[in-house]
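> Could you put together the complete structure from these sequences and hints?
Those sequence lines, one after another, are chains A and B. Using the UniProt record's numbering, you'd call the opening residue of the first sequence number 1 and step up by one each time. Using the UniProt record's numbering, you'd call the opening residue of the second sequence number 1 and step up by one each time.
A hint or two may mislead.
Put simply, identical chains are the same to the list, so a pair is met inside one copy or across any two.
Unchecked claim - Pairs of lysine to aspartate or glutamate residues, derived as DMTMM-like cross-links and limited to a Cα-Cα distance of at most 25 Å, are as follows:
#1 K99 / D145
#2 K99 / D64
#3 K154 / D166
#4 K154 / E116
None of these hints come from the bench; they were simulated from the model. Please read these numbers as outputs of a predicted model, since none were measured by experiment.
One-letter residues, chain by chain:
2 protein chains.
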Amino acid sequence: MNLVVLPARSGTRVSLNKGQALRIVNTHGGQVVDLWAYLLDGSQHMSMPHSVVTLGRIKPRVGDTLYTQLREPILKLEDDQSPGTHCMLFAACDRARYKLLGAQGHHHNCADNMREALGPTGIDPGYVPTPLNLFMNTHFHDHQDMEVVEPQAKVGDFVTFRALQDCIAVMSACPQDMVPVNAHGCTPQPVGYCVLD
Amino acid sequence: MNLVVLPARSGTRVSLNKGQALRIVNTHGGQVVDLWAYLLDGSQHMSMPHSVVTLGRIKPRVGDTLYTQLREPILKLEDDQSPGTHCMLFAACDRARYKLLGAQGHHHNCADNMREALGPTGIDPGYVPTPLNLFMNTHFHDHQDMEVVEPQAKVGDFVTFRALQDCIAVMSACPQDMVPVNAHGCTPQPVGYCVLD
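Written as structure tokens, this is what we have:
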């Protein structure tokens, strides 16, 4: 299995034919990867709040289908060799987020990574949907503060998504180094991916 | 305090000047109200996933500020005389949702109510952001099934939001009568609201 490297702090896209699968590998462990998916014409995208309603849970299990904002199936979580803590609730980090955190000047961010990766396809996302934050280790407690701690994903842990429609997947190796979203002392790492038939 | 009635299954909008407050009263108890807010030029809207990140929790407490997709403050939950189970995670019910639930023909839905209420302002929402689902009684359990049960809000329970910017609030008295989102045997009820200086 030849993995393509997605460098730390960067984004990319990959086209998937219906029936193909995308495997995303935590090659260094402890790294969050933001995932989006769009139909080829840009008319629909994978939507976390719609998936939450249809799935009936806030963290996906193996076998779960993820849905678009029109509630059509788009990706299926076919395999999950990780602790499965993926987060469906967090907005992607963006310029405003890093400004609030006190970053000086430009800071790489998942929202810009997504826009740049999608740009050449001609799809104008308009807005940045909530990504599926792979490997992100969040726990929620209603009115109490939620916990966001280092991912437990180990070196080689991976997830595999089957495309249920022709689509474009967009990934961003999360550049977060100011709060402990990523491990290694909050140091972003590369990840790997491949397309499987 | 003169309340305006928002009839069951319908939506409306109200303009708020910065500093004014919107009180929403569960006049019959047990009724969910979807709430959105837009800046007057439509460039920003209240965003649940961005608010979740900035707040650090998935259910708002009194004193919490809600943010736009650009992470600017827009509304503050100033008072909450209800059990406070409001849900920040659920996509608004829409035509696709009712079709999946087996509704025959047209079914009133919060997404259409929002679009219709906002229409005359000239703001084109483009997409339907996740609303703040007021009084909605949801509980989340990571990989386990979440629970959606009847609201515990009693007759006369209310919430009050202070506008932190000039904005347009949109409300929909949730028309859900196929799953137990609303009480009274899943029968949608009217609610009331008023603007306070």
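> Could you work out which earlier hints the structure fails to respect and list their numbers in ascending sequence?
3, 4
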